[in-house]
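Asks: So you can see what is in the structure, the chains are spelled out below.
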Amino acid sequence: MNALTHKAFSRRSVLAGGGALIVSFSLVSHGFAQDAAASPPKPVKLPGSLNKARLLDAWIRVGADGSVSVMTGKAELGQGVDTALIQLAAEELRLDPKTIRLITPDTAVTPNEGYTAGSRSMLDSGNAIRNAAAQAREILIASAATKLNADAAALKLENGKITAPSGASLTYGELVSAELLHVEAQPKSKLTAPKDLKLIGHSMPRVDIPAKVTGGPAFLQDLRLPGMLHARVIRPPVYGATLQSVDMAQVEKMPGVKSVFRNGSFLAVVAEKEFQAIKAMRVLAHVAKWQGGQKLPDYPEAYEMLQKAPADTITVVDNHHPGTAAKTIEATYHRPYVMHGAIGPSCGVAHYQDNKLKVWTHNQGVFPLQQAVAQLVNLPIDQVQCVHVNGSGCYGHNGSDDAGADAAFIAFNMPGTPIRVQWMRDDEHKWEPYGPAMLTKISATLDAQGAITDWNYDVWSTTHGTRPGGARALIAGWTKDNPFPQPVLKPPTSPESDGNRNAKPPYKLASARVIHHFVKAMPLRVSSLRTLGAYFNIYTIETFMDEVAAAAGVDPVEFRLRHLDDPRAQDVIKLTAEKFGWSKDKLPQGRGRGFGYARYKNSQTYVACAVELGFDRDSGDVRVDRIVAACDSGQVVNPDGLKNQIEGGLMQGMSWTLYEQVRNDGKKITTRDWASYPIMRYSQIPQQVDVHVIDRPDKPFLGAGEASQGPVAGAIGNALANATGLRMRDLPFTRERMRAVMGA
Amino acid sequence: MIKLSVNGKAQEIDVDPDTPLLYVLRDDLQLNAAKFGCGLGQCGACTVIVDGEAVFSCLTPVSVLEGREIKTVEGLGSETDPGPLQRAFMEEQAAQCGYCTAGMMMRAQALLQKTTSPSDADIIAFMEPNLCRCGTQHRVLNAVRKAASLMKTAQASPAKQPAAQGAAQ
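Heads up: the sequence lines are chains A and B, in that order.
Taken in order, the first sequence gives residues 0 to 743; the numbers are from numbering that gives the first Met the number 0.
Taken in order, the second sequence gives residues 0 to 168; the numbers are from numbering that gives the first Met the number 0.
A few of these clues could be false.
[Unchecked claim] Reference excerpt, derived from the structure (chain A facing chain B, CB under 8 Å, subset only):
| hint | residue |
| --- | --- |
| 1 | Arg-205 |
| 2 | Ile-208 |
| 3 | Ala-341 |
| 4 | Tyr-681 |
| 5 | Ser-682 |
| 6 | Ile-684 |
Simulated from the structure, these hints should not be mistaken for lab results.
All of these numbers come straight from a predicted model, not from anything done at the bench.
C-beta atoms are modelled at their ideal positions from N, C-alpha and C, and glycine is treated no differently.
Start from the sequences, fold in the hints, and give me the full structure.
Replies: Quick look at the structure:
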């Protein structure tokens, strides 16, 4: 058994072990524990996810041997969250980070923190763990003061050992008892002051990188359970097709094939070895007879559909007092469907034994998947366990939940045998839920002095959220016998979500009206892609602001600063302009510079970004040469980790903007591999990408993983306009589109 | 039975001759580094070195590999005794999710075995077949530059020689 397998199987025993400390382990929130008949007092608000899982030992456990375990419900998705959480706990517990064991999402063990999404990990889990660790430290110190008969203020704490002036000392392990940390957290903690920080604010190497660069078992794909078989799922050729017939007998005879599993239109093959499963899958795909299927809109039909289909109207900003209008500018923008495009197609492993179904998944929410899988196979929820193991970066809701459910569905029907499902490349490209197509319309008026006197903004989009949510969110759920109906699409109820994220402009406007048209159709399967609607709303607003600035005859950086009150917004913009060497000087023919700014969700990380690019009129090629960005994420935990996230967002945002669009031929998805759906390659990366971090140790953590994609898109659009004189309303800026536009 | 040499070790594997090397590495030899990404030779996640050349292990049937030397990331060193390329990737924190990383490393290793002082243009051109979705390309470039210099230092110092050649197991 390799190390990963061992780790996955031994978590519970580790937690239960540790000698003297075996506590009853409750994650039930204060609210749930109330007597339903009584009218309970509203529980006091606690920091981050402590508010949901309110006991200190739901987050921090100390073993009798002094070992410290930290629990999180947020998943490592490549964003470096495991490392940052360890830094926080180690800082507040005054421990060497190497001694802390981080227990990652597992429905049997860790707090339920919902999805690892919306750049909320540091807000939710980071604040919970930091506060729980600080409170645990103070409880341990107080206990030591009593036992050592010393004044708590006189005690010295180092590496889990508390020493009195007399020289007598006790370790965390000696101090801890079953009840000591089994207490509800307090709203306020004695957090380490910024000047005393030793770990927070300092770059710490990622804890998961060594295994990833030495061939260690680092991914779910590397999990090998004893007796595990390999499965492949054969999907319908098009959305909505049903399986009429399939000659299973010839495949069952193939070498290594253990089972051909069919349930309704869910078809899978299970084999001893992986390549045997692939060969059998190919034959099955060839002999399966499918019927029906729905039509798909390509472009521009998809955009026409957005405006025609029934929609709910959500008023995002309603402050409409139009002033004098000397000039009106208006424009309409389109963004196509975009893929998450994980480099590793989704994988799931499941094992059904003794009436318990255990699922290993690289998804973003083990608890929601547990509920969905329980519904899928009709088991009580306490007989299903979901465990997170790292996967390929997902960038939102991709195929990972489906792959976990595929494995669970097959394993449930093959009791005793662990099943590994690995999606093929075209499974991921054709079946992942895409980032939805969007359409925006904007008009603004300016007075004679060039000030904005009115702003009208409309965004049309299908849903950005079809996560589980029950078995109806899973492909297995809607292809099996007695299928669950596909998701009912519900408009968002919270602000800054779904298609209206960042639809509200960050700028000071005397009059503004912003409307989100929540389109209830879903011709292509869609869900949450990094930033949701923010990327395209920011693209629209930032490129339009440039046009308005030009109409007002003001430099675009200066124009933005004039319309922003927030000094932190001003700081990232000024720093970016300075480091970039922003200038009004004209660049040579075919070259352009552009600027973009946003604060993600209007409440998270601030990012400003400047881009210099070249445009080749003959080939239509847009070549980004230089990107300079500045960010403010409040208090920075791991500066290099933050830079890595901002850099990655710039590069991914650039790839979406220049190259990417999901296509179909009216029936089939035709972008089924990296040749038909190209993303950025090495020869296309900018020569220079610089990220400057403004650390604000006295401010709360702000989410950063989705903060730079929108600003870079705006900056590229503006730089392209600067280079060509043309305002590009439609994404992406492929060579074909650029040639067509420039030729026209 | 197919006879292979992987990271300097002779292996006999009972497998269909048309099986791509990737599945032999992952399933029969239980090596984790080479990854399934596309099965089409379009992403490079499966890249390994065969006789000094970077190849897509997802497309290469094992039957053509008898008598040839196959090298994977596991052959470059270990977590406790990392080779220069591995050290460079750790020091430069040249990963986000890390799924593409092992393939990137083997392609870079193939370059550095041929060219001790590659220019940035050399590195970029050589790395072209490998995709990264997280956007860590610049960090990978930094790591490859650093590895080139670590390898030169190691070669200049006899004591470090084994690490420079990779700690073959």
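Asks: Taking the hints in turn, state whether each one holds.
Replies: Against the structure, the hints:
no. : hint    : in the structure
1   : Arg-205 : holds (6 Å)
2   : Ile-208 : holds (5 Å)
3   : Ala-341 : holds (6 Å)
4   : Tyr-681 : holds (5 Å)
5   : Ser-682 : holds (6 Å)
6   : Ile-684 : holds (5 Å)
Taken one by one, the earlier hints all hold for this structure without exception.
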